[in-house]
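Residue numbers (the numbering used here), protein chains in the order written: chain Y, 221 to 592; chain F, 221 to 592.
Incorrect hints may appear among the rest.
It does not matter which identical chain is used: a pair holds within one copy or between any two.
[As the list claims (entries may be wrong)] Here are the computed lysine to any residue pairs in the SDA-like style, where the Cα-Cα straight-line distance is at most 25 Å:
| no. | residue 1 | residue 2 |
| --- | --- | --- |
| 1 | K400 | G469 |
| 2 | K507 | A394 |
| 3 | K276 | R588 |
| 4 | K276 | K333 |
| 5 | K263 | S437 |
| 6 | K333 | R512 |
| 7 | K384 | E354 |
| 8 | K263 | R442 |
| 9 | K333 | T573 |
| 10 | K507 | S437 |
| 11 | K400 | T318 |
| 12 | K276 | W297 |
| 13 | K263 | P432 |
| 14 | K333 | S480 |
| 15 | K507 | V305 |
| 16 | K276 | E440 |
| 17 | K400 | S417 |
| 18 | K507 | E545 |
| 19 | K507 | T573 |
I should point out that these hints are in silico values taken from the structure, not numbers from a laboratory.
Number of protein chains: 2
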Amino acid sequence: MIEPLGNLLRLRRLLDESPFDALVAVSPENVTFTSGIVIASQKWARDRLALVVWPKSGEPAFIVCNIEEPQTRRDCWIQDIRPYVEFTQSPIEMLAATLNEMGLGEGRIGIEKNYLTAHYWDELQERMPRARMEGCDAILAGARAVKTEAEVERLGRAARLTEKSLLAVFATIAEGETEKSMFDRIASNLLLVGGDSLSHVYVNAGPNTGFPHCDPSRYEARRGDIVNADIGIYFGNYLSDIARTGVVGAPSEEQRSVYSRLLEVHLECIDAVRPGRLASDEYGVMKNGLARVGIPFSLPHGGHGIGLILHEHPTLDPRNGAEFEPGVVVCVETRVRWPGQVGYRIEDLVLCTDGAPRILTGFFDNSRLFEI
Amino acid sequence: MIEPLGNLLRLRRLLDESPFDALVAVSPENVTFTSGIVIASQKWARDRLALVVWPKSGEPAFIVCNIEEPQTRRDCWIQDIRPYVEFTQSPIEMLAATLNEMGLGEGRIGIEKNYLTAHYWDELQERMPRARMEGCDAILAGARAVKTEAEVERLGRAARLTEKSLLAVFATIAEGETEKSMFDRIASNLLLVGGDSLSHVYVNAGPNTGFPHCDPSRYEARRGDIVNADIGIYFGNYLSDIARTGVVGAPSEEQRSVYSRLLEVHLECIDAVRPGRLASDEYGVMKNGLARVGIPFSLPHGGHGIGLILHEHPTLDPRNGAEFEPGVVVCVETRVRWPGQVGYRIEDLVLCTDGAPRILTGFFDNSRLFEI
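Model the full structure from these sequences, guided by the hints.
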């Protein structure tokens, strides 16, 4: 049996405090959060739903397609497994039957409206005309946002492996190496160190650093070029996400200046990850800080939570009123880009504690522009 | 500018024949199909919509978040780019404004109801009360299902690289190698040969072969064990997906028999990929064939289309009335599993032509159980 790592007691408490009679997890991250297991094909067979039905009272039920049934029975703590045959049976029909059986045919049901598709949503409403169906995305995201020690440990390990993989490549780039070659070496390292799979690997040099998500090209790094990378892996179902910036050869005055100003604001943002502060405050710290040091900023967020998915609650955006509390883990990403010219990025994983924030990505020193 | 590889003329024709005044592409695959480019963050920032609005008459418009605007302007053939600021502006509000501007405020609009989330769907209906909004998933899937020569070429290369990566490992497994080690070697090969990223890598030995999606373990392959693999990569935005089965040492009579009966049915299924046949016929060939040779079968499908996503139209399931036509490419996957005991899988990429089907995965011979 696979032990769920997340804080299911917190979920239980949030559900108890909520108006819902049951929650229905639909997304891969919330299915894994509640069940502890991964239904692999959720990623590539979008219509093949896996659904965890979590009632306020009573035991949860797990609706999965019959392909996934044997592994689910072997691995999952949830005992009430209900398989359906894809294409010939509707998972939503089974969901309605399950909710009715739980006595919730006229209940108030929370479901992930930010994941469930319009097609299934319409079907669900038709099949359960008397139930009151609403989005419960915020409850699930809120439960996941505060990590357990086991999750922090997992995220920290994932981050450290990612840092090592990147440092090993940055330390060995020679003038003339192509972006593609750097990409291949980083990707290979990420698997060698123990990554289960790649999440994202962006590594660029020179003018390509001015774009956020530029595929690796045949561009050869030249003396004086900025090289930046933003990379992550899947590691035991959890994600990593870090960014570092270097320069080929000695940095120019201008490069040194941009980086040190960016870093100054980055450290301010990290320091602001404290209990009681809001995600939107964090955005303000970044926006005001960058304005003060004369670096343009028009991006919609300054980072994000991370866990079972790459961008999770809380996003550090100007509208997000979520309050930090101990156990919240965020990626603070401070960056500047002049499209097609140059870009700098620094991203670190930060744990909110009772006291000062704890940086979980301290292996690859970011205190100066890395000299390649 | 990046040239779209898919058959946009077919899409145009299907739209002309449809009752819709415009189609709205929402999913990563259909955004890439219509625009030619990849909006990378669609994969990890689910709420950050990218939308291609494709009117029956007039030019398409592309709604993207401002983070992705510079790359979109640089790479995309669509000229009408409309950026929004995530978190502070609603992409659905911008979609409504765009449709209204096109004179379609009371029009009949097709949108991907199998991808758009319930939350955005409700918002869209509120913002456009006079429009008639319906799912157009089948039109987009139908357009993508018939591949262009350029797409067949890309899929074929992706498949061949995948076969080579797997063959190189199967050829060098020694008794005692762990699943994790095989996994690492295959994953590394898939990147070395030119894969942009991993899609899925399942490689198992002994009892674990009896599950479809079993993570690699420390289990060490023993003499007499079945070893099977089901793997794929992303290669220039297209996917690959192949499966092969081997045995450590000489196969037993029983193993040889299961494999040869499975292969017999597999080849029948491949031979049935001909113009005019239906996807559901294909399922019937597999089901009846396996019954005839005495192999149990309870799976809901016998394979699937492949292209910009792993499982695309047509799925080879008993309810799918899609007719094969030249240019359709499917993964035929024939497999048997006794959970926790043993499993065999063979999966090949097959192109429907005017005449006999063309197998695009002929590099790693499947004509007998591979002897490890």
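Against the structure, the hints come out as follows:
For the identical chains of this complex, K400 and G469 are intra-copy neighbours only, at 20 Å inside a copy versus 39 Å across copies, given an alpha-carbon limit of 25 Å. Neither within a single protomer nor between protomers do K507 and A394 lie at most 25 Å apart by alpha-carbon distance, with minima of 35 Å and 57 Å respectively. In this assembly of identical chains, the alpha carbons of K276 and R588 never lie at most 25 Å apart, being 51 Å within a copy and 54 Å across copies at closest. In this assembly of identical chains, K276 and K333 lie within 25 Å of each other by CA distance solely inside one copy; the values are 19 Å within and 30 Å between copies.
Taking identical chains as interchangeable, the C-alpha atoms of K263 and S437 lie at most 25 Å apart only when they sit on different chains, with a minimum of 21 Å there against 28 Å within one chain. For the identical chains of this complex, K333 and R512 are neighbours neither inside a copy (40 Å) nor across copies (45 Å), given an alpha-carbon limit of 25 Å. Taking CA atoms no more than 25 Å apart as the test, K384 paired with E354 passes in neither setting, with 44 Å inside one copy and 49 Å between copies. Taking CA atoms no more than 25 Å apart as the test, K263 paired with R442 passes in neither setting, with 39 Å inside one copy and 32 Å between copies.
In this assembly of identical chains, the alpha carbons of K333 and T573 never lie at most 25 Å apart, being 31 Å within a copy and 42 Å across copies at closest. Within a single copy, K507 and S437 get their C-alpha atoms no closer than 32 Å, and across copies no closer than 46 Å, so neither meets the 25 Å cut-off. Within a single copy, K400 and T318 get their C-alpha atoms no closer than 50 Å, and across copies no closer than 38 Å, so neither meets the 25 Å cut-off. In this homomeric assembly, K276 and W297 come within 25 Å of each other (Cα to Cα) only inside a single copy, at 18 Å, whereas the closest approach across copies is 51 Å.
Taking the closest pair of Cα atoms, K263 and P432 come within 25 Å of each other both inside a single copy (24 Å) and across two copies (14 Å). Proximity of K333 to S480 under the C-alpha cut-off of 25 Å is found in neither arrangement, the shortest distances being 42 Å within a copy and 47 Å between copies. In the homo-oligomer, the alpha carbons of K507 and V305 lie at most 25 Å apart only across protomers (15 Å), although the nearest pairing inside one protomer, at 51 Å, exceeds that limit. With identical chains, the CA atoms of K276 and E440 are never at most 25 Å apart, being 58 Å at best within one copy and 44 Å at best between copies.
Taking the closest pair of Cα atoms, K400 and S417 come within 25 Å of each other both inside a single copy (18 Å) and across two copies (12 Å). Taking the closest pair of Cα atoms, K507 and E545 come within 25 Å of each other only inside a single copy of the chain (22 Å); across copies the shortest separation is 55 Å, beyond that limit. In this assembly of identical chains, K507 and T573 lie within 25 Å of each other by CA distance solely inside one copy; the values are 24 Å within and 58 Å between copies.
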